[in-house]
Amino acid sequence: MAQQANLGELLSTLDSPVLSERDEVTAIFKENLNADRGPMLVNTLVDYYLETSSQQVLHILTTLQEPHDKHLLDKMNEYVGKAASRLSTLSLLGHAIRLQPPWKHKLSQAPLLPSLLKCLKVDTDVIVLTTGVLVLITMLPMIPQAGKQHLHDFFDIFGRLSSWCLKKPGHVAEIYLVHLHASVYALFHRLYGMYPCNFVSFLRSHYTMKENLETFEEVVKPMMEHVRIHPELVTGSKDLELDPRRWKKLETHDVVIECARISLDPTEASYEDGYSVSHQNSARPPPRAADVTASPYVDPQNSFGSVTSTPHSASRPMSSTPGQLPPPLSSPAPRLCAEAPQAALWSPSLVCGMATPPTSPGNVPPDCAQPYSKAFGAPGGKGTPSGTPATSPPPAPLCHSDDCVHGPCPPPTAPHTRKEERTDPARPCLHRQHHLPNDRGLEELPGSKELPLSDLPGFLGGLASEEDSIEKDKEEAAIYKELSEITTADTEPLVPRGGFDSPFYQDSLLGCPRKTPSATAGAQGTSVHPEPLNSSLDKLGPNTPKQAFTPIELPCGGPDESPAGSRECQTPPEPRILTPSPFRVPSQRGAGLGSGQPPPYDHLFEVALPKAAHHFVSTKTQELVKKVPGSAEGAWVPSASPLEVLDRLIQQGADAHGKELSRLSLPSKSVDWTHFGGSPPSDEIRTLRNQLLLLHNQLLYERFKRQQHAVRNRRLLRRVIRAAALEEHNAAMKDQLKLQEKDIQIWKVSLQKEQARYSQLQEQRDTMVAQLHGQIRQLQHDREEFYNQSQELQTKLEDCRNMVAELRLELKKANSKVCHTELLLSQVSQKLSNSESVQQQMEFLNRQLLVLGEVNELYLEQLQNKHSDTTKEVEVMKAAYRKELEKHRSHALQQSQRLDTSQRRVLELEAQLAKKDHLLVEQKKYLEDVKLQARGQLQAAESRYEAQKRITQVFELEVLDLYGRLEKDGLLRKLEAEKTEAAEAAEERPDCCNNSGLGPARGHSDAVSGHNGETRPPRPGSTRGSGSSSSGSGSGSSQLSTPEKPPAQRAGPFSSRWETAVGEPSASIPATVGSLPSSKSFLGMKARELFRNKSESQCDEDGVTGSGLSETLKPGVDAGVEAKTPLSPDGPRPAPPSPDSVGQLRIMDYNEAHQEHS
Amino acid sequence: MTEDSQRNFRSVYYEKVGFRGVEEKKSLEILLKDDRLDIEKLCTFSQRFPLPSMYRALVWKVLLGILPPHHESHAQVMMYRKGQYSDVLHALKVVRFVNDATPQVEVYLRMYQLESGKLPRSPSFPLKPEDEVFLAIAKAMEEMVEDSVDCYWITRGFVNQLNNKYRDSLPQLPKAFEQYLNLEDSRLLSHLKMCSAVSRLPYDLWFKRCFAGCLPESSLQRVWDKVVSGSCKILVFVAVEILLTFKLKVMALNNSEKITKFLENIPQDSSDAIVSKAIDLWHKHCGTPVHSA
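Protein chains in written order, with the working numbering: chain X, 221 to 1378; chain R, 3 to 295.
No wet-lab data here; the hints were simulated from the structure.
The structure displayed is predicted, hence computed values, not measured ones.
For glycine and all other residues, C-beta sits at the position ideal for the given N, C-alpha and C.
A couple of the hints might just be wrong.
Listed next, the stretches of chain X that the computed footprint assigns to chain R, with coverage defined by at least 3 CB atoms under 8 Å from CB atoms of chain R [to be verified]:
(1) 1154 to 1163
(2) 1174 to 1180
Among the chain R residues that face chain X by a calculated CB cut under 8 Å, a handful are [unchecked claim]:
(3) Arg38
(4) Ser75
(5) Asp89
Build out the structure end to end from the sequences listed, making use of the hints.
Shown next, in the form of structure tokens:
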């Protein structure tokens, strides 16, 4: 609660006049808003705003941040539902939206939108509707995609409101309707711009119904005339234009501009891209051109005529008519042009201002409701009376215009008609002065629209002072013409014309120049040629206005005619002036036609036929006059661009207000009210207030549009800058290019030089070459000569050679002959010597033959003597020899047999030897084996012996121990009874005990020894040993441990005897060893043989003794063992020798084996 | 050839299935068939393979020299041994060192003492450490060998071998143990060193008594196979393996006394595995003994 109270206080202080305080509170609120997320604060603020409409609160509300937007929207939604708060809520919404808050995209989902739509569909308050529609229009480009689901709502609203404009349900003030109409017009533009396909289909479906047909004719159709065909209608489809992708690329201002682009309404349209615009214009220019020719006469000429000089104007049309037609297409220098038209605008106003006579303070007619209808009506009225161009305006329109005060059309008529009007009944005088300025104002309002409002007074002043009847006449004439045409077109074309006449005419004059500067410039450029600058400037003025006209084609006829009229007035020299303009018009139009625009002509043609047109006009005007009061309204209102109408209304309202403020003293004001019979002030105030509200809304909407345009402009400016930069860049590049071209040229020059030098060198070279060629030729010639000479010489040489060869051959032949003869000679001599030697030999041989013959005879004689005795001897010899040979053979046989036998013997022996060796090895192995076995057994036996030794030791120890005890006991006893004999007996007894204790063992040993055949005397050592041991009982056990040794040593004397006895057993060991194999067959035999070799004789005896021994031993093994043990110690030799002997044996074996092997 | 391949095929199969003794038994039988047994081969065999229990006593007796290599003299030698045993026993009874109530192990000890000439003057004399060792070994041996004569002789031969053949190598075993433990698991060794337990490990139990009383006889005899056949190093690996097997527990103990106590009474259930691993380890480090012939 406290918080709320606090809030209330804060809210109240929010509007305090103290600035600082206000700022503080605002800051506090903003802080709270930042801190608090709840809806409470926002709600209170909204409430407060609705109560007080405080600007501060509005500011806060419109700058709300993200989380609060929902609350705000909810709250507003709530209030929109209530009729009472609807209007203010809507205005709040409008304020909020126009600032384009960051949460604007949420609007589409917010429940506020449907409720707004609903309210627009249901509500009947024009103000609310207008405001709502404006809000909706503002909102649409922000939520283009959301329109999808509400599209039909939008269209329905449009349908409803458009029909409203016509039907005026209830008693809606006309003034409001103007506003409503303007806003519906804007809605039309927006819907058409954004959803052309859907919208057109809606229009098609909605207005084909009969009940809506009228609305279409009256309201929608005129609107459509201000719109070009949307390209989307061709390329797009219903679905495509609702596609969110289409909208994603576009920002709000883009959408706005898009919508403006398709508009033909000069106040609405934007001709952004030069070319498209120019094309749009190009469609229009021809008529404009025609207009240009025509209109110049109307205004500019007037102005110039007054200000400068008429001649120009006179000359101008001539030149302009032919030249102007083409130029509008080409267009530079927009800015100049923009200024130019202003100047042009200014001048007439000034002139007008001069011309217009000051009038008495005009009363503002209370009936503001019907300004337009009256305004339009006025011209119509004028049209009728005028019949001829220069006729004075009819009274009725004047009255109307007077009534309206603001009426747009009356002004033009006024000046002209003033004179006449004065004669007219009620109205004229009263308001004249007032009217005049108004009229001027109206004329220039279009211009002033763009100019700051502050200029208005100037205009007005100028207008007021203007007093150029001519101009006015012209204007009037123009208007009349228009009117007349309008009337002619009444049935259908009425709308455009009417729209033209009043607002467009001059609105466009002023308004368009800026928008279509290019066209005007083009017009200028062409027109300027023949004329001086002034004239060009002048032209600019007129041209532009006319271009502005162009959008609406039909009116062209009007101006065309009017100029004619004006000319009549202006330039008397021309006879045609008297006749209605049509005469002229056609020619000019012809030019216009040349440029090619059929649609305007259709109308124009009708008008073109002078008489018919005139007639037609007159009749129509008359009709109009009749109709004016009633029908004009309906007809005119829609025909004019609603915006223009609204503009004018505002303008006039402002003028009237200004006038009244200036001219009427406060007190008189009230008087005036009453005086003029206006409605009671309260009511008036209310309407005025509402009007003001609507105006405000409109203004805000326009401002919003302006902002969007500004945004757009900024973008474009950036593009322009960029383009400029690029241009500069281009220029720089061009410069570079030039430089490079220069370089190239320099290079070319040097190239030429080089080429020249090169050719020179070439020539030099050629000459050199020619010279050298000559030399070569000469030399070749010489060479040929030499060649010929040499050939001659060679032939000679050849001849000589042949000669020499022949000579040589001859020489050879001679030589050979000589040689041959020599040879023959020598042969002959040889033969000779040979024959001689042969003869000698022959002689020698003959002698030998003789000698040999003699010898032969001798031998023959000898042979015959000796041949008889030798054969017997030889035979005997042979026989002897044969015998001898046989003997020897038998001997040899014998020898060989012996050899064989001996060899066999050797072989046998060798085999035997090998066998023996093998056997020997086997025997050795076996022996080894046996030895090992024996050793194993021996070891076992030894260990056993050792054990026995230990046992005996233990026993001895035990015995000694016992002895020790006994002796102790004995000693004790001795001590007890020393002197008694019993003591002696006691002494003997232990000895006996000792003997008996050892008895059995001794007995055995004795028996054994007895068996051995040796009667051993009882060992003294034993008794002695026992005695000694007994005697030396105290002596150490060391002696006792080897009790047998000492006796053995002592037994030295008997040793000789023992040796024989010992020798037998020692030999018996091998015997026993040998006995084992004996049982086995072959090996045993062999072994025995071997042993026999070594110990021949003993063998048998040993064997007997051994066997005997073994037999003797067998009965008592224990005893035998016992016997041996004492024996072996007695002869220390035999015991050790046994291993030794084995070792010796082994060694011997090895030696033998080695020998055998070796 | 066919037989050979069959044998090989089977042996592979046996190996896979896990029977180890089949092939060995056959080859051992072949070995034992020889007259004049080849001691070296027997040694190698018993080092490489575990002995079948039915031949163990015989092989041991041969290896320890209780029986000569000749089959022929076995009976006689055995007769001697028995005689010796009965004589000594008789002598002991005579001198009243032993009576019927005396435990067999002590009888063995007294017999051994008597044979080695170390019999104390009185049975009530305190036992020397080596006597304790003998007792432990004899006790284990008693479980392994049924016949008392055999038992006595084998025990005697075993102890003699320890005292003679291994006299020099036994004191080296602790060092070798450290070395191999370091190779196998240095962390464990460092832990032992940290606890200063290395010097206090039950080396007597392990190396002097040859794990008698430490391992159950069934696994112990496999170790002793190796010892009898001439390798005392196996003892080291058994010790190492014991430590490795009980590594976690040993690592958990950080007191040398506790460690020693634990090691003296290790759980018996895993002894078979320990011995198998130890033999593997021994083969790994010392190489599989190959028959020199």
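Structure-based check of each hint:
{"no.": "1", "hint": "1154 to 1163", "verdict": "holds (count 7)"}
{"no.": "2", "hint": "1174 to 1180", "verdict": "holds (count 4)"}
{"no.": "3", "hint": "Arg38", "verdict": "holds, 6 Å"}
{"no.": "4", "hint": "Ser75", "verdict": "holds, 5 Å"}
{"no.": "5", "hint": "Asp89", "verdict": "holds, 6 Å"}
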